[in-house]
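**Q** Line order of the protein sequences matches chains V and P. Sequential numbering from 1 applies to the first sequence in the working numbering. Sequential numbering from 1 applies to the second sequence in the working numbering.
In case anyone wonders, no lab produced these hints; they're calculated from the structure. For every residue, glycine included, the Cβ atom is placed at its ideal position computed from N, Cα and C. Heads up, a few of these hints could be off.
As the list claims (entries may be wrong) - In silico DSBU-like links for lysine-lysine, alpha-carbon gap of 35 Å or less: (1) V:K275 - P:K395; (2) P:K395 - V:K540; (3) P:K139 - V:K283; (4) P:K395 - V:K58; (5) P:K128 - V:K540.
Unchecked claim - Rough simulated footprint, nothing fancy, chain P against chain V, three-plus residues with beta-carbon under 8 Å: (6) 36-46; (7) 440-448.
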Amino acid sequence: MPSEQDLSADVVIVGSGVAGSSIANELARAGISVIVLEAGPRVDRQHFVENFRNLENKPSYQGPFPSVPWAIHPPNQMTPNDYLHTTGPDAEAYQQVYLRMMGGTTWHWAGCAWRYLPSDFELKTRYGQGRDWAVKYEDLEPFYYQAEVMMGVCGPDPAVEDLGSPRRQPYPMEALPISYAAQQFRKLVSEKTPYRVVHEPQARNTRPYDNRPTCEGHNNCMPICPIGAMYNGSYSVYHAEAAGAHFVPNAVVYKIERDSANKRVTAVHYYDPDKGSHRVTGKYFVIAAHCIETAKLLLVSADEQSPDGIANSSGHVGRNMMDHTGVQVTFISGDKALWPGRGPLETNVIDNFRDGTWRNERGAYLVHMVDDNQVDLATSLAISKGYVGRELEEQIRYLASHTVRLFSHNEGLADPDNRLTLSQTHKDVLGIPHPEVYYKLPEYTVKSCEHTRGLFRELIGLMHGTDEQWTPGYFPQDHPAGSTIMGTDPRDSVVDGFCRTHDHENLFIASSAVFSSVGTGNITLTVAALALRVADTLKKELAHA
Amino acid sequence: MPDLARKILCSVLTAGTALATLSMAPARADEPSAELLARGEYVATAGDCIACHTRPGGKPFAGGLSMTTPMGNVISTNITPDPDHGIGKYTEQEFEQSVRHGIRRDGSRLYPAMPYVSYSGMTDEDVKALYAWLMHDVKPVAEIPPATELNFPANLRITMAVWNLVAGSTTPETGDSATFDKLRRGRYLAHALEHCGTCHTPRNMMLTEKEGSYLAGASLLGWYAPDITPSKTGGIGNWTEDNLVAYLRTGHVNGLSQAAGPMGEVVEHSTSHLTDADLHALAAYILQVPAMDDDVDHTPREQFGQVLNTPDIRTGELTRIDRLDEMDGQHVYDANCAACHGDNGAGTDDHYAPSLFHNGVVGSARPDNLIMTVLHGVDRTAGNEHAFMPGFDQKSDVQRLSNAEIASVVNYVMTTFGSGNHNVTAEQVGTMRSGEATKVP
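Excised from the complex, chain P in its bound form (with noise of 0.2 Å):
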């Protein structure tokens, strides 16, 4: 599956760098000390730069990957260090501008789709490791992605420099940031690092991050990221410190819920990733941030459903193979889902194919994340395991379905495991996918 990410806003460090000619000769750091590039690489790992910065199938860091925003399509940006092509050219202190502050070489302005005010956070030493590691350990790749093409008035990049007024940046952790205690650490690795919010916290009208609803919960290209603030009613105020990290390392914790999508994406390429000590200070940080409690969840997602005790569906009587009707939800989910998830829907014995009842998408009131799901399966690596699941949109092998039977295999998943009917339509399952089938470069 193509990254689908918190790609909102992750994007263009140097789009049209080729075209700037007037430049010093590429200005290198002295041979970096394996401690600095260790740093760096795990710098970039918590920053998760891949996931915007390399297309499907593309090198690493090369860029190319389009991301849908509310502008246009934003297209990622070559970071690796060729010095034509890529950020070879950049010193360490131009480099340091637009990561956090979104100033490209040239001084244009970079558009927000790259999250730098998060990174604005992020310690002078950790940006220069960042720097360091990707001009030395990243293999050069000397390809230019397609420029991206933005509607007016955000693509004249000077209405960036309004957007940067309004967006602010927040002012650097200062020190080494190896020696925070855990809740500053794990703030760190929050805000300037990870940058959850940039998925996770509401935006307002000038697609900033909401003041005063950190991590309450936002729609982003078809899935929704959920409220993750410790509200017992409407975020994760049930998880414990341990649950979290176990969710950010492997994608899955059974009983509470599974990553997919971009969560999916973040787990694979960054937190997995992550040490032991980190996962603990991010976990125990996310969790003593200020509850919110959510519009329309109002009981905790995952303590929905129960097993059920199948009534017996099967008449004896077969279909002509030419006569394919569509089915009701109840034989859409025993022809699609009951194989894997049981037709009780407790899923395998272990937790490969995770529970439907007790599962924190099927039991929030938003349907969002569960048609994407279906449409999209789950193709998640974390450590030894790949959680994969197929989709079943209009590119799948295993079953094409139907907008009107993934709108009642939804509904049949939501009200038999989860929160109840939301009545979701064929067109909306439509809007859905029409909406990833354009992204998809």
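For reference, chain V alone in the conformation it holds in the complex (with noise of 0.2 Å):
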């Protein structure tokens, strides 16, 4: 049990994701003190790996993480779950996973890398929808460098492949080799359609890098990478427990505390598994909860000063729910021969549709040309198909090969009425209410999904593709934003450009929760850019006091 002088520090973070090691990092390495406050275990990669050797269900991305019982997340993308609990039209396209534990959800993620477009940034102004945002491209630019090479981002040369977001240095790693499915998706896409296939800018090594090894293409990125060439949270974690700063696992942080005033924040308060409590004081807090917890723990942390949560004078804090929920085809090509699932699971774009005028009236959106291995999938269409015996190994054999999976991040929209609550019904072993959402989705991405569902018809009939299994209604891609929306104005907003809170001066938020659009890039470059902003602002002010 850690003494009550080891809790206190000039910076205490919730959450020990990509956001908040990364901050740590930086922070411990400037010699300022930090706490890191962990609610799930620490953990290690040997074990993961075993618990995905024995999972017989490979594409479960959870799988290989069960929770523990005072840090759950949710167990899966299945309707309903007993963690995350959806309601609303669209109930279905929000049951998003997470995990809980050291080092955050990187450990299972594909190692998208995108950074966003400046347009991303200025949906408002230049499209008439959604929001901008309070921070511009030019500001982040270099901290999506710094991200990428915190990460160990591979990716094109922007002279050869520009990915439309302007870069001041190279990638730090050369882009990846493409693989033999993905050549044979290129080549029919730029021979057959006016789009474009791009490589994927992937957190992933090309060469050593980091003390780390070089990809070898074991295609399970998800849910666990087995050599550590893909980047996890955790490695920041490391770095900054090497630079001093100071993890604390399995503390389930219940509530902050402020001051008489409202305006600043004096300490949080944890349980451990045995719900014995403690209190971590600081001089400056950061919230890197992952959106949906983030929101969570300011909502559950309501008291007499502040009756609708911390943070939230505006009452936005669980609004603004944004994934990039899209479509998802699987089909049999009758083409040549594809052979997917050599290589990382994602990496290849078509781009073509990241931006466009049409953004005034419909979202935009990204399609991947998903690389994983079809064997399960090509059995059991075949044991449906009825085969046995030797025509069924042919079969397997032939269907695993042509197998084409497309699928598509299409924009959300901020939308206040899409709203996370506290739970009424459900709380966890600690009495902390599980969360809640509501969502519908915005009508601006339903176009887009309509539009992406034509280009998939496109694309099928350009591979002369048969059996097409079409994912019911929409596809929640585990991206989600918006949860502590950023804006200018305090009255819409929670956080302003640098990610702090409106509300209290010391307390900053390092989330996809502050995103005020989502963009169609994964989120991760973009809160770790944004992490390393607070990093920065942080050092500055903790100089000058």
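Reconstruct the complex from the two isolated chains, following the hints.
**A** Laid out in structure tokens, this is it:
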């Protein structure tokens, strides 16, 4: 049990994922004392790898990471699940999964490390839709690069393949080689459509980097990279610890204490797994607990001073829930065998619809040709067709080599009615309410998804596809955003352009929770860049203190 | 990975030079010819000066590498031509005295971490070329590494004079080393420049290389520099000249062995840069030195093991993530090694991850190098290939294994793919781990 004097630091951070651990690392390296409180346990790779090998349902991204009782995370994307309860017309499209443990959800991501487009930050100004951010692309550019160096991002030479987000420096590593399946797909798209397939920037080693090995294409980035070639938050945890940051696992923060003026946060309180309560004091506080848990914590901490929750004078905490809710199809190509499943999972993207004047009426999107092993799907399809014996084996071979999976990230839109609240009926073992989300897909996103379906049908036709299997309705992408939205006006937003809460001058939020729009690229690199900017702000303020 | 290398014997050219204020003006050679400079650079590479005289992340030749010796830590010195911090004030004659005889410009003795006993065999012309290149082409660096502090009595430099009497020196080769015939050139490379014996020849009580045991194998800093004499049982007598050339050029020959630790550094900094003719000369010479059988390796190290038909160890049971019990060797292997080396131990098809059977490290009866490789990994660049395996020590970002886990996985690997179970204990691993931990500057 930590002693009381251990529980005070210049900066107290809640959450040890990519955001919290990278801030801790930056601050500790600058000689600032840091405590990081992580709700989940400390973990290591080898047990996840063994769990993955023992797992029967290999594509289950949460599978190798069973929850602990005091820090439950959603078990899967099924509706309804036992933790993140969703309601509303599109409830099934908001079954997000994430991990509560040291290092955070990047234990199972695909390493997609997109920068947002400059236009993503100015959606309202340019297209009259949604909101603008209180920060511009140019402000974030240096932090994007810092994040890319920290994580080890590979990507294409902008002179050859410009991804639309201007860069001052090249990617830290060269782009991934293109897999055989991706080569076939690229060729088809470039020869038969007006579109293009680009290299996806990846937080994945194409050479030994940061004492971690080169990617060998094991094809199970999700649920677990078995060799450490892909970035995850645990590396930043290790680096921060080496620099002197103090991480406390199994510390479930449940209360945020303020001074009598309600202007400054003075302490956070956490439960250990036995529900012993501990108080941690500091000069600055950063909530970096993932979009869902961050909003939940602010709401759970409601008291007489702040009956609607902390940092919530605007009433926007928990509102504006967004995602890259998309569509997904698999089909059997009638053309040459593709043999997907060799190399990383997600490396190739059609990026033609990430931006355009049409964003004034429908959302942007990007399309992944997913390069995952299709033997599971092929086997169930072949069995359902009634094949047996040698024919079954041949069919599995044929179908596995010809299956194509496409899915899209479609642009969500901030809508205050899409709202996270505390469950009235479900509590965890510590007595903390589960989160509950109402979700109705914005019309803007529905139109985007319709457009995507049209593109998918076009591609299926070009590949002489059969056996289409469309995921019913919409497809959650586990990229939740918006629950503590950023803005310049304290009346309709929770944080300012530096991710500082409007209500409490020493409270920051480092999470996709602050996103004002959600663009199309995966959110992690932008989360990391915003977090590094928070670290930069804190370093400057503590230097002057 | 910081230099671990043969460093037992590399070291202090000029600690304390800055105090020698009564000096003559720096004597520089007249503008040396391009030919001489090119030869000097090659001699520096073959002698692998940079390995000891550069600290990890430091400027080339500016010293500062800390090397553990039985006498204490020796810190390598700045041999850039900076007049106050390096060797800028050395005349060619003074330089020759330090490189070949271990006598510093101020008359005191160098610690024998500097392999001057080996370098004493260098030709006059090669010393001249080395001097010219260091003075002319190396960028001066105004940094003084910390001074070496050894234990008594080695901390008295006078002791080194006595040591020198014992260690003696080799008579320099004469003539133009470039014109030597193959075996003479190979001998010159092996003895005077590459100083192979520094690590591979066992030492006597006085820490000098044992006579009559040339290249018969010796321990250093946790690693074991194996018997590389042509013994058919304990050495490399089954290797061809081409095998050895390929090993020295790339650091890896499939089915034989691969270089990590100090030897990985030798390949990276020195032998991968040698000419084809020099590699063949060196290999031919080594393969004809007197064969010495090994005390414990009685079967060629690369002959052990075969592909494993793995039993299915899947249970379908998952471990809760807060209950991280220590795993046994087979499961540690499955989780940490099998992704690259294969559950059957065959490695990758392109041999980037080597097979574990038919592998000299796993087939040795000494588990030292396998333990050290698991702890510290492999990080070796030769030509365009960067061979990399993460370490699994307490600094690893990939996976930090306990002493017991390393002991069990080493025993599993050696039993399954190598020379058998050598019953490595957690304590043994702990000793090797901590030895390393204190050595890193």
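**Q** Now tell me, hint by hint, if it's right for this structure.
**A** Here is how each hint holds up against the structure:
Distance check on the hinted pair: K275 of chain V and K395 of chain P sit about 33 Å apart at the alpha-carbon level, within 35 Å; holds. Of the pairs offered as hints, the one joining K395 of chain P and K540 of chain V holds, with about 30 Å between alpha carbons and a cut-off of 35 Å not exceeded. Restraint check for K139 of chain P and K283 of chain V: the C-alpha separation of about 47 Å exceeds 35 Å, so the hint is violated. Between K395 of chain P and K58 of chain V the CA atoms are separated by roughly 30 Å; this keeps the pair inside 35 Å, and the hint holds.
This hinted pair does not check out: K128 of chain P and K540 of chain V have alpha carbons roughly 55 Å apart, beyond 35 Å. Counting residues of the stretch 36-46 of chain V whose CB falls under 8 Å from any CB of chain P gives 6; the rule of at least 3 is met. For the stretch 440-448 of chain V, the stated coverage by chain P is violated: 0 residues have a C-beta nearer than 8 Å to a C-beta of that chain, whereas at least 3 were required.
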